[in-house]
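Each residue of the sequence shown is one higher than the last, beginning at 1 in the UniProt record's numbering.
Hints were generated in silico from the structure; no laboratory data involved. Check each hint, because a few of them may be wrong.
With a straight-line cut-off of 27 Å between C-alpha atoms, the simulated BS3-like cross-links for lysine-lysine are [unchecked claim]:
(1) Lys474 / Lys149
(2) Lys149 / Lys228
(3) Lys494 / Lys125
(4) Lys561 / Lys400
(5) Lys125 / Lys149
(6) Lys388 / Lys149
(7) Lys388 / Lys400
(8) Lys228 / Lys388
(9) Lys228 / Lys561
(10) Lys149 / Lys400
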Amino acid sequence: MAQQHFVNKIEELVQESLEGLIDSNPNLIRLDGYPHTKVVYDRNHDASKVAVISGGGSGHEPAMAGYVGAGMLAAAVAGDVFASPSEDAVLAAIRAVGGPAGVVLIVMNYTGDRLNFGAAAERAKVEGIPVDMVIVADDVAPIEGGTVKNRRGIAGTVLVHKVAGAAAAEGRPMSEVASAARGAAAALASMGCSLSTCNVPGAPPSDRLAAGEMEMGLGIHGEPGAYKTALAPLDQIVGRLVGHLADAGALDAASPRAVLLVNNLGGSTPLEVGAAASSAVRVLRGERGVALERVLVGTFMTSLAMHGLSLTVLVLGDDGEEVLRRLDAPTAAPAWPRTGAFRGAGRVAPLPVGTTDAEAGTTPAAATAPPAAGPAADGLAAVAAALKAARPELDALDGKVGDGDCGSTLARGAEAALRALRDGGLRLDGGLGAAGLALGRVLGGAMGGTSGAIYKLVFTAAGAELGRREGGGKALGPADFGAALEAGAAAASKYGGAEEGDRTMLCALWPAARALQAGAASPAEAVAEAAAAARRAADATAAVEHAGAGRSAYVRGELLKGVADPGTVGVARWLEALVPVLGGK
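Using the sequences and the hints given, assemble the complete structure.
This is the structure:
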């Protein structure tokens, strides 16, 4: 039987949950802007101090909005269930609580979160708000081909919130708050297990686990665990979790001191979680010789109603007493926990407005502008047609290694860009740099998700590079466009964490950028060589059995073998579509 839920409308569930949190906590307030902007912040935040902000997809309650309050987070940004909040929503939070003292963003290591929080950070810096970003990657699950780089952020993140929030409350400068957060993040190790999958409201239930089975080393978004095993007594399960923490090096010190956090993943009973805490204390103290300084037990970060739990150890080093003092410092954050009275009026503040909200590359007359014509329109038309034709192929590839929507997403973005160009919403009369920025906004809005964030970053950075190069009035050539594409790939790598060779679309973008800069005799030849380089790179990904980033990083090598990365194939497709438009063969 499908799991049943207490809901009115599934699409309004996140907003209604946030309203309930605000109703019960008079210190909290939200920004206007539902459903796109879901920001809860501390109405009493001291603007003279550093603001610590976190966020991510919903479905992990009480994280992250439950940790907003004096002594912890100044604001939290919520996305839809298991979906990263948008760049604009993150920027709204920064504007709401950020000031001259600066903002520290605490971001779990997921591509969409890194990209959207990173892009918002860059825009905030342009507006004069100092921002630093700290990545938390505490999951040590033994994923095939896994590295420190692609570890996920899970429940240990809330300890980073607490340490950083206390440092900010002390009046420490942004550099020290960020350093405290990074120190705590580096000292974390977490791993989860579950007796069930999680079911997103409105989606069919998963049958991945049979009776008597459990998963070890799973994340918080419903993805499969590192491995399945037979259900065992609790002490054996906890012993195995602690063993993986030790294998990751978390307990290497001769006489380690640590904080233990035992987390309910949503569907476990307090009886089970309490028993797991008791077992973990016994194993860590009795079998591993760990001196436990604090034991925190409860529901800190969930995966909807998953019947599971996770263990986190925060290993204390030379600064251990300071870390403990900050964990013990008072906080008004309700999920630490605390409750308050209902406050009806005055809970919604207007959205802050900033200079980067303006649509780059557009004009007020855009709505009445004549349809665009020329090579740009022809190129976008060719790209849209090619990606529409390639949609089944790309979706099929993505269905084998990801979530099955790569082709649909790319086609939707190309069609939106073509539509914007034809109706005047995307203009070229402001220069190629401004057009690149505008194209990034169109793609980001139309594509959504991680792909939209990546393409938005690529074209935003590429547009900025083109803008710098066209400032001198010279005609731009293939090498300039290659440098712009290279800048776009570098921006996506910086915020997304992927590198060339990681089996992502960047594996095609970088070779294409180099080909454009190689000095071809004509623009047509340069684009043809770039398309060929992208195609070779895309074909080569079929031999890469361990992805270094993206959703494929969590897919077993046997499933990746022989399957080209759909993102790289998509890049090759749209570059190939441009060749005949420019007169190439």
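These are the hints, each one checked on the structure:
Restraint check: the Cα-Cα separation between Lys474 and Lys149 comes to about 41 Å, which exceeds 27 Å; the hinted pair is violated. Using a Cα cut-off of 27 Å, the hinted pair Lys149 and Lys228 holds, with the two alpha carbons roughly 24 Å apart. As the CA atoms of Lys494 and Lys125 are separated by approximately 16 Å, the hinted pair is consistent with the 27 Å bound. For the given pair, Lys561 sits about 10 Å from Lys400 by alpha-carbon distance, which is consistent with the 27 Å threshold.
A C-alpha spacing of about 26 Å is found between Lys125 and Lys149, which places the hinted pair at or below 27 Å, so the restraint holds. Using a Cα cut-off of 27 Å, the hinted pair Lys388 and Lys149 is violated, with the two alpha carbons roughly 34 Å apart. Annotation: proposed proximity of Lys388 to Lys400 holds, straight-line Cα distance about 20 Å (limit 27 Å). With a C-alpha separation of about 39 Å, the suggested pair Lys228 and Lys388 falls outside the 27 Å cut-off, and the hint is violated.
Distance hint between Lys228 and Lys561 is fulfilled; the C-alpha atoms sit about 22 Å from each other, no more than 27 Å. This hinted pair checks out: Lys149 and Lys400 have alpha carbons roughly 23 Å apart, not beyond 27 Å.
Of the numbered hints stated above, those contradicted by the structure are hints 1, 6 and 8, listed in ascending order.
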